[in-house]
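Visitor: Whenever a hint applies, use it, and build me the whole structure from the sequences.
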Amino acid sequence: MESAARELSTASTAAVMQNPAAAEDGSGFDVSVTSAMAKEALARFQSRKYGECLELLYQLLQKKEDDPKVLHNIAIAEFFRDDCSDPKKLLEALEKVKKKSDQLTRSSLEQTETASISGTKGITVSKGSSSSALQLGISTNSSVHFSDEFGVSVATLNTAVILFHLHEYGKALSLLEPLYNNIEPLDETVALHICLLILDAALACPDAKISADVLIYLEKAFGFSQSDSGNIALQQSANLVENSSAVSNSTLINDSSNLESSLVASSENPLSRTLSEETLDYETMLSALDIGGQDASRTTQRLPSSNDSSISAMGKSVSSVDFKVKFQLYKVQFLLLTGNLKGAKREVKGTMNAVRGRDSSTALLLKAQLEYARGNFRKAMKLLMALGNRTEAGISSLFFNNLGCVYQQMRKYHSSSVLFARALSSFSSFRKEKPLKLSSFSQDKSLYTIYNCGLQHLASGKPILAAQCIQKAHPIFFNRPIFWFRLAECCIMAWQKGIISMGDTSDRSALKLYVIGKGKWRRIAARNGLRDRYHEPAQENELYPAGDGHLKLSLEFARVCLLNSLHLLNRSGSSSSEDSGLPPEPDIDGLESTGSNIRILTGEDNRSPAVGLGQVTANGDVKEQKLLGTCQEITNYSLSMYEDTLKRKMRALRQAILTNQAYVELELENPMDALSHALSLLQLPNCSKVHTYLGHVYAAEALCLLNRVDEAAAHLSVYLVGGKEVELPYSEEDFEQWQTAKVFDSEDINVGHSTTSNFSLEDAWILQILKPEEARATLYVNLAVKSALEGEYELALELITRALAGLPTSREATLTAVYINLMMGRAQEALSKLKQLTNVRFLPYSFTVHGSTSS
Amino acid sequence: MGMVVSGEEAYKLLKMMKQGDLPIHDVLSDFNSSFPPSHRFSLCTSLFLILQDKLVLTGTERLVALSVIHQSHASQPINANPFLRFLISIAGDDNAEKFERAFILQLLELSDSSSIKEFLKQSATDYIKSFDPSLHVLPQVEELRQKYLNTAHSETFKCFFKDNAVKNVLADPDVPLGCDVNSSEFDLQPGGKAKLGSGERDETVVGMLANLSLEGLGPQWIRPRPPRLPIQDGELVWLIPDNNHELLWDHGMCADTSRGAAVRDLIAKAAKGPLVPAQQEKVMMELANDPKLVYHCGLTPLKLADLVENNPLIAVEVLTKLINSPEIAEYFTVLVTMEMSLHSMEVVNRLTQAVKLPSEFLRLYISNCIASCENIKDKYMQNRLVRLVCVFLQSLIRNNHIDVKEILIEVQAFCINFSRIREAAGLFRLLKTMEG
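Chains as they are written, first to last, in the UniProt record's numbering: chain A, 1 to 855; chain B, 1 to 436.
In short, the hints are calculated from the structure, not lab data.
As the structure is a computational prediction, the values presented were derived from the model and not from experiment.
Misleading hints may appear alongside valid ones.
[Claimed, not checked] Straight line, CA to CA, 20 Å or less: simulated EDC-like cross-link-like pairs of lysine to aspartate or glutamate:
hint : chain 1 : residue 1 : chain 2 : residue 2
1    : A       : Lys835    : B       : Asp172
2    : B       : Lys356    : B       : Glu330
3    : A       : Lys39     : B       : Asp256
4    : A       : Lys647    : B       : Glu235
5    : A       : Lys63     : B       : Asp256
[Stated by the list, open to error] Here's a subset of chain B near chain A, in silico, CB distances under 10 Å, partners left out:
hint : residue
6    : Gly7
7    : Arg201
8    : Pro219
9    : Trp221
10   : Ser258
11   : Leu430
12   : Leu431
13   : Met434
Note that beta-carbon positions come from the ideal geometry of N, C-alpha and C, so glycine has one too.
Guide: Pasting the structure below:
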């Protein structure tokens, strides 16, 4: 802290000394006086007497007008005085502090510039080097860099803290990154705060790369490779540890006291400083931190290191174990994020041993998450149940949410919706809690639960409710491609269910045959609901009047959502390209169809940068001793694993987006765009067989609509063998993309396999995947349609007969058969085909014609 | 594409058509007042579709229907009427009733609205009664097309899917087997008794008007639905408690910075000349007390060379502490490029003992040392420098601070080059033993 302050203070004193105007301002004060006042203000702040603290700060401000650090502390104290009610105001105040500091840095820089130019001359003469001008450039730049970076480092950190609590993880991360990149010169307390915050923000974002970096750095800087600067300090800090752990023990009861405990703990700081002659060592610094969080673990000790006996002796102290647990929990989170479940399992085991006898909701929740991720839903439930008796509001809402996830994955949709609802009500009671604390903002994670709720509604076929929920999660997920894709899915599902079209909203899947008249005059009118819809925006507006805050679902909106999704995907893809541009990835090409899931997870991936670690036997068993590698090795291995998974996910999403785009454009009677989407889908490298099939069918239809029948035929005949035979466009193994089963763990490999085969026809139906035979029959139908329209009725009849064998109940197939028969002059056959339809409703056309008989 | 005709509308429409005894003009006004303009097009479409079935409507009904269609776009030139092509096809159809053809022809020939109004003052019944085929010349379709269809209408839009559709209403007569469907015995007479196979025409007309669709019944292309994307791994958000992050007080506010300032002054002095032991002690102590002070002590890469020459011990201390700094590479660059000297070598040697130096840097530094030895002109100075370098290298090698293999060839060449110097020969022997 001292040193972080030092730079700006020196910069500003330099400015004061060299700037006559500023010197006048400052001529009246004595450093020791202001310094004493500052200490006094801090003491008031720590005892939470914010009013008194602010009075002192206002006085200081009169003495040191516009001093950014005074302004900064005023903003912080005012925020607490106002019961943390207005984080936005604090953000603005901190922004002003940073601007003020920038101004000061700039004016002091002008001074130093003139100074360093004269300095350079001397060197130039002595060295006779012509490159000194260039070197001057470098060094001035770097000094600028220094002073402005950490002059405001605390203000920047605090801004990021607020953003973190407001769930703005991305923004927080972008502020923290520059601080992190130049972290060495920063005061250790600030540096550790930065690391932990950046780690939390990166895990939430999620940004696995940054998480990995910071984890490795933390381990290096705070774990094992500590310099031997303070052997003497160690002795002194032993007292401190006891001190602060005594303090923290009294405030461990629940997380609401975190604020107090951190304040009380940091109040020990000045004392420690005087004790240890201003020696900052990690123990002191850690004791000032409240790393506790929910599980209220506290950290006052570095990790024990095997090669330093004095430290490992210290390691027995409680607080040291706490930091170790803390760090392990971070690692578990990271490993779970990256899908390195084996590593996570090991780490969780260690953590559970370390926390034994103590109470760690976080550890328990992470363990449950691990089992959930491994597909052991029963075990996950059991672990969650162990949490169930916690009464804290924070925990119970998390408990309900997570249990809801488990039930959702077990396809118990009703239970999961009840659980999500309970989580939400638990969150809302939480929000009313008074007085507000900073953490009140971050602990309200209801938006995440609402998103879960949306997914749940979507999975159980309620598109309107789903859209309402998903839309509410906009603030946290707006920059994720999957978010927009889900909204589009809601629109499309609503459209398919007839909820958002005009015309009759009754079941449109059945063909309606109206029987008109009687006897000689009897007619049968075939009304094909699906083809008779007209798109009338006015009607939609009536269904979803604007202004009630609800989305107006429509296919046009689906189109926009899909575009957003694709755009975001492309943007994220440009940084970690999934498959575009990268010159051939033959290994993927070769293996894609056999199941990329398994390929990546068993690590038979030669591109992995962590080959040294990823020595994996054929059955997917990572060798034990490899897993015991250094934190860095494991982290890098997990990272490469994560990147592979991410690429696979992005690839799947891109195919889904393009498929839906083509479909939506066809529904909107826009064959040109439909064609272009279908063609881009077909051009994707590694496009799944299912999507390739859809791409061909959509392209063919669009081409027919554009009267380019020959080109359409080319797309259909991809699957033709020998003129009339159509091969299965894909097999059930090609559904791998839709399977969520995991085969991570060698010991659970049997479980994994059974889950894989659990992919049932019911699932296929829920997800609207055509069975391979249905897909083939569909091709027969469409080929028959094409032939019939070209007047080749004999061929058409043959094709439609094959089609009907595969899809006996299909309306389209039957109607096409009716048409073909009619065109061939076989009216009787046509009528009987029509009447044979199973999924058909005969309706007497019953408008009363009494009037006509009476008139 | 309009809306669907409701049963009620269809019924009203039929009732109008049946008023063949009224002046056609009156029926048309009735039509216009009964239906809002927005509905008229779909009604005309239904009429157009039902007119194609020659059996359903009576002669007078057909005339009324044709008038409605013709007058549907009366405010615009006849060219703008979308049903013009259809009207012409009937007028030129040899199989159609002659009075019907003549009726259309007369309507088409009358250009101004007043004469049309006059023409339509007669009733449909009267027109048919007084019709004299000998008075009319009925031209062929081609002729009519040339006369009435200008280029704008001659191109019709072709749609592969839609143009080939058949009507979606199929006759499905329900009469006893073997009976003639067209026999009038099955027409239900008003007041008459319903028997097997009999039916009422009006019911059918209304039903047809309401259900005939322009799209008709075509072959049905199947458009498979896109499969839904299953919930992705980790998409359902699993919640765990946040770690708490509190706001920090800026302890730098009004802090006493005198101590830091003193060190800055001393470092500045140290770059200009050797410090006295007390001063040196103070710098060392302050640097040791505050590990971050080194970043604020005012040293830049530019000043390093001077610091190394004047106060090598302080330089070692500073560099050791800066080893994790993002700028350390710049300092190394200065060390490598500065003039070789005893002090520079001493600094590097001590550094290797204190921290792990990048081997890349060490190799560069050694190459630089060797090059300096070779380039020096003064024999005495050269000998001195070579001996220094040899001692330096021996120290590096003995302490395992460098991998001998990396520098073997270069250093061997150096030893041979200066084999006259005792230390070089010693270094050579050392290398040999390492090799063995």
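Visitor: All the hints need checking, so say for each whether the structure fits it.
Guide: A quick look at each hint next to the structure:
1. Lys835(A) with Asp172(B): holds, 11 Å
2. Lys356(B) with Glu330(B): holds, 17 Å
3. Lys39(A) with Asp256(B): This hinted pair holds, its Cα atoms lying about 11 Å apart.
4. Lys647(A) with Glu235(B): holds, 15 Å
5. Lys63(A) with Asp256(B): holds, 16 Å
6. Gly7: holds, 3 Å
7. Arg201: holds, 5 Å
8. Pro219: holds, 4 Å
9. Trp221: Holds, because the Cβ-Cβ distance from Trp221(B) to chain A comes to roughly 5 Å (cut-off 10 Å).
10. Ser258: holds, 7 Å
11. Leu430: Where the cut-off is 10 Å and the nearest Cβ of chain A is about 30 Å from Leu430(B), the hint is violated.
12. Leu431: With Cβ-Cβ at 32 Å, over 10 Å, it is violated.
13. Met434: violated, 28 Å
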